[in-house]
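Protein chains in written order, with my numbering: chain P, 1 to 497; chain H, 1 to 501.
Bear in mind the hints are in silico, worked out from the structure with no lab data behind them.
Okay, the calculated beta carbon distance ranges per label pair:
#	chain 1	residue 1	chain 2	residue 2	range
1	P	T191	H	G190	48 to 54 Å
2	P	H106	H	G368	34 to 40 Å
3	P	A204	H	E483	23 to 29 Å
4	H	E483	P	M418	50 to 56 Å
5	H	G64	P	P68	17 to 23 Å
6	H	P422	P	E4	41 to 47 Å
7	P	F437	H	E459	56 to 62 Å
8	H	E459	P	N109	15 to 21 Å
9	H	G473	P	A52	34 to 40 Å
10	P	A204	H	G71	56 to 62 Å
11	H	E449	P	E484	53 to 59 Å
Pulled from the structure, derived: some chain H residues nowhere near chain P, Cβ distances all over 10 Å:
#	residue
12	A16
13	I79
14	A110
15	R163
16	I186
17	I211
18	R215
19	G277
20	F300
21	N311
22	A387
23	P450
24	H455
25	L500
Idealized CB from N, CA, C, for every residue including glycine.
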Amino acid sequence: MSPEIAILLAVALPLVGAIGVVMAGPWPNLRETVTLAVGAATLAVVAQIAPAVMAGGRPAVTVFEMLPGLTIAFKVEPLGMIFALIASFLWIVTTIYAIGYMRGHHEENQTRFYAFFAVAISSALGIAFAGNMVTLFLFYEVLTISTFPLVTHHGSDEARKSGRIYLGILLGTSVCFQLLAIIWTWTLTGTLDFTDGGILEGKASAGVIGVLLALYVFGIGKAAVMPFHRWLPAAMVAPTPVSALLHAVAVVKAGVFTVLKVTVYIFGIDFLRDLGSSEWLQYMAAGTIVIASLVAMTKDNLKARLAYSTISQLSYIVLGAMLVNSWGVIGGGMHIAMHAFAKITLFFCAGAILVASHKTEISQMGGLGRAMPLTMGAFLIGSLSLVGLPPLGGLWSKWYLALGALEAHQLVLVGVLMLSSLLNVAYLVPIPIRGFFAEPPPAGDAHDEHHAHATDGIQEAPLACLIAIAITVAGCVILFFYPESLFDLMRQVAPIP
Amino acid sequence: MSMAGTSFSLAEHLPALQVVIPLMAAPVAVLIRRNTPAWSLAAVITWICLAIAITLLNRVLDTGTISYALGGWAAPWGIEYRIDRIGAFMLVIVSAIGAVVVPYARASVAREISPDRQYLFYAMYLLCLAGLLGIAITGDAFNLFVFLEISSLSSYVLISLARDRRSLTAAYRYLIMGTIGATFYIIGVGLMYMMTGTLNMADLAQRIPAIAETRTVLVALGFLVVGISLKLALFPLHAWLPNAYAFAPSAVTVFLASTATKIAIYVLLRVLFTIFGKADVIHVEDIGAVLMVLAVVAMFVASTVAIFQDNVKRLLAFSSVAQVGYIILGISLVSQTGVAAGIIHVFNHALMKGALFMAVGCVFLRTGSMSVSAFAGLGRRMPVTMAAFVVGGLSLIGVPATVGFVSKWYLIQAALEAGLWPLAVLILLSSLLAVIYVWKVVEVAYFQEPPSFRHDLREAPLSMTVPMWLLAGGCIYFGLDAETTFGIAHDAAGSLLGVLP
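With the hints as extra help, turn the sequences into a complete structure.
Written as structure tokens, this is what we have:
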């Protein structure tokens, strides 16, 4: 199979899968088999493209011309390759998890759930492989709309309210800022192709470039840079597999991926560094990192705390891009992978706790480690990877981000990264610690006996959930020992001088 | 355009047939006096009209403007039919909507119009179609007035055919406003005739520049622009539109919303760019600036009003007023991109509003109500209809992969090219208002349970859903592959502005 066909297949297969899921709707086992099979096929197809890209190739395919000069076209470069591999691999893992979760939690409308999930993955892959900004924007908006039914899955008033915030912020920022920036770029340059070294150099004054960069960074609402972050906590009303894959990986990573892509291939990092337009955005990102971490500490709801943690971690990547040097971009790109595996583990654990013990608040989770040792253990490992401790993958991305900050002579930002690590420890690690060492909370007098009985035995989540958790935990460890291929890919994006 | 030899070639007379066929078919439908045969006749005639329009468009694109002397009388004395790019494009838009609506109308009309009047609906429908096509095809300013009256009078009848008695007041109001508009137009034409001695648009264009500064011609221009603005429902002259759309039979709303205001926009283009083009009045007399301000106000005010409507048809009607604002905004920029953006939005808006009003018609067929609350639970009960509504709604918002995105793209590009970036921001901000009023309906349809006493709610018949999805599918198809439509719009704008031949 030629890489060109593989690109088209990768985007089309999940869509076909969505149709298959709908048709197999009445038979849950068949339906989940279809999802898994399509997921495996998609991953295989995406993996097929990888060798060519690692060897320096840039397979490209133009689908058709939408408007004169504006094409729907794909071109795979290393950054997109990384994103696509992560998204398609974790889709399978999440499907395994979802089978356990959705059945264990007796969710309704599961067919709709799996179908829109597949559409969302298709658009994530479309974003990853997009060859120009129009194609990227097309899939960006499809991703927003296809995830709306997933966020509002429960159909309750709370879901509807959150859905409004979700759609309002994501559509609002993308339409008001991002689209304006895209069309502006188009009128300035006459092209929107992602080009090495950028397309804007010499096309506009420094002031215009500064405005454009701000329009892009804030217009990419999926990157959740404050003050446009509210949609992410709102999206937590969704079932946990959605929060795990979409709001820790696919959707949010699509956002920061777009930021990186725009910085590198629309502006060009050398050009931006010379202009200095991105410096104030470094502080916006640094502010988001610290403030979101502080807010996370105040949240007692586990998923809400994880959501704010995600906002903070996303800004690591935005910061990496805004440092506009090779180390920063490499660190940002690697953090896409590192954070994906760590955060999805944490969400999987949060869902497992919900399914097995029906607990959502952290204050209720004291002593839970005795009933769910595997889950709590995995939560600890995921947390430590986010903190950036060896032997876990999170170390590497933080390392390179710090290098990037030093390279930019921004000691303050190095300090922010260190402070943020401490804050990570403060808001994540106590959860498993309390799980293992604290006493279970008194659950009312009448239930004492029952409760004592419950905490005696092991009471883990369904096996499918545990398998998924095991895979992502293994991912965190493997990424520590074998980060080379990731590093090599990113080095192609941002050559080290 | 001389006749080739003595042989009579049907192909040469297509411009006349385009109008004459539906015009002649209308009285036949009255004579038939039976509903089903009248419907069949309308179906056949409208699809023939579409075929003729497409043939004419292809011919114009291949060989340039067609000039046809009606009855063999040459231009200054006889009536000239003159088909250029924009005219041919309008013919296709009007006849395509006309052809798609007839199959849809069968079930809808059967529900909404009493059986003894249904054949009259088809007669009036054909008459209205003939009038609209005539406006697009004629090159004579007075003849245009005649067709304008034909289409207007028949549309008053069409609106008042609904069972809802409020349609009578709505039609009456439209009658008054429409007549004022048409009268203003004919006063303008009369003044121009007084000064130039011709009614032929091409001749007018030649003679106006020399006398453009005279008080009489300026007054004529004022009457023309205000009269046409009434017909195209430019804010604040839109007051007739919401009720006329809301209380008309669904099929009528679909047809009028997609064609009638659009053809009035075409007339405005003709007056500003063909007749007064060489005099450059749009710059000299600041008409452009006035139109731009009114357009922006329309975009915001009408969209805001739409948010607070409970009747979905009224909601969409106010949205139409706002969308007319976008079209006029493009035209007021007086650049090739801007006018092209306006023209392409005429086509795109016809598609999306057609699909949306058809969806509302389907809902009315099953629930008997047009209020937002009637949509409760329809996401499940009428999934095909609601999916079309969502597609149309996303087009209104301007989501990529829909026609609305193409329109918005070019409108913003035109604003930026003109150096008016605040305008670009206003366009984007106002499109967010569409999110609110579309999502208001979508939320009710997908999040609320249907009322417990409505167990019988089911999907609309295929005869309605297929035409609806033709338009909804068009919203997606022409949103992805906009090269053809944009190419035509861009060239049409070029020839209107005199950049292209």
